[in-house]
Amino acid sequence: MKKDRGSPFPAWAVLIAFAIFAALSAYLGFEPGTRSASNFLSFVKSMTGLLPPAFLLVGLFNVWVRRETVEKHLGKDSGVRGYFWAIVLAGTMVGGIYVALPLCVVLQRKGASLGVLLTFLNAAAICRVPMTIFEASFLGVGFTVIRFAVSIPLVILTARAMSSWLGEGFRITGSAGNKS
Amino acid sequence: MIIAWVLAVLLFSLSWLTDTERSIEAARTAWSLFRRILPMFVIVLVLTSLSLGLISEEVLLELLVGKGLLAGSAIGAAAGSVAAIPGFVAFPLSGILLGKGVPYTVIAAFTTTLMMVGVVTFPLERQYLGVRAALVRNLAGLAMALIVSVAIGVFFGELP
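Just so you know, the sequences run in chain order A and B.
Numbering-wise, the first sequence is residues 493 to 672 according to the numbering used here.
Numbering-wise, the second sequence is residues 1252 to 1411 according to the numbering used here.
Any given hint could turn out to be false.
Which bits of chain B does chain A cover? Going by a derived footprint, with three or more residues having C-beta under 8 Å, they are [as the list claims (entries may be wrong)]:
no., stretch
1, 1274-1286
2, 1292-1303
3, 1309-1320
4, 1336-1347
5, 1364-1371
6, 1390-1400
Calculated from the model, a selection of chain B residues having no Cβ within reach of chain A, i.e. all distances over 12 Å [said to hold, decoys possible]:
no., residue
7, A1325
8, I1326
9, A1330
10, L1380
11, G1404
12, P1411
Hints are computed from structural coordinates only; laboratory data are not their basis.
If you're wondering where the values come from, they're calculated on a predicted model, not measured in any experiment.
Backbone N, C-alpha and C fix where the C-beta goes; we use that ideal spot for every residue, glycine too.
Throw the hints in and build the complete structure from the sequences for me.
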């Protein structure tokens, strides 16, 4: 487990600065400042209501659905079922395109067709279950349902169009890491 | 909000009865994910609170909707294409904006481009797909995102 402390300002420093700003605003009667503070409190309140179940669902998904199990189905099936498994596999992804692209290289070696791979790549951007849990929690299930219903057919169509444009000989190369 | 709790409690109990050890692992995964995202979360919350407090909600809404849904969605799509923030932060932020009166159409333009168009990740994508294919994939992503936001707009009655 590596911890990433990427941000130049540690979060606690930002929080303390904000608290001082809020206190000063309250003391001086600076209305935009106090409004910011009350905004912050109401946001924190609504987050604490939704974040615990959302993260718990993501955790459950992580331990119960193993990516490797789904991965086996790809490569062999290149018909309609290939597209189905491409979307299911995308659903199990946690990272975005950083993880999906290297996986594409592996799957292409295993014999997955370009249309299936491009479907997987785009679906990995929009169908990841952990992300979808957050979307449905904060924007509503209706929002998620419509988005899925509209974007999945589009993703498949685009992938098919792109693969016939690029030709089946097109290779997704792992030139970023290992060129074989 | 209640659905999320009910679902989480129900599934966790089910998981607990099936395999206690795995359930503990699930809770641990959830906690470590949360810890990892927390610093960014705090910073985004503070910035959002400040910008909503200092700029005033009227001005922000004017910027995002005052010029019409098209201009608002264009701003949303531009922000979503350039930004590289994880969904764990983006969706709560979108929920806040939604609560402040930003239309679903604009939110959809932001979240879908965030997922499908990656200006920041383009150099990486180019290494795998080549410039042409990567460019086409991103442009197609942008087009799909716009279609999705129109559909969302129609669904929520914001568009005729």
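Requested in this report: Please flag the earlier hints that this structure goes against, numbers listed from lowest up.
Outcome: Violated hints: 3, 10 and 11; rest satisfied.
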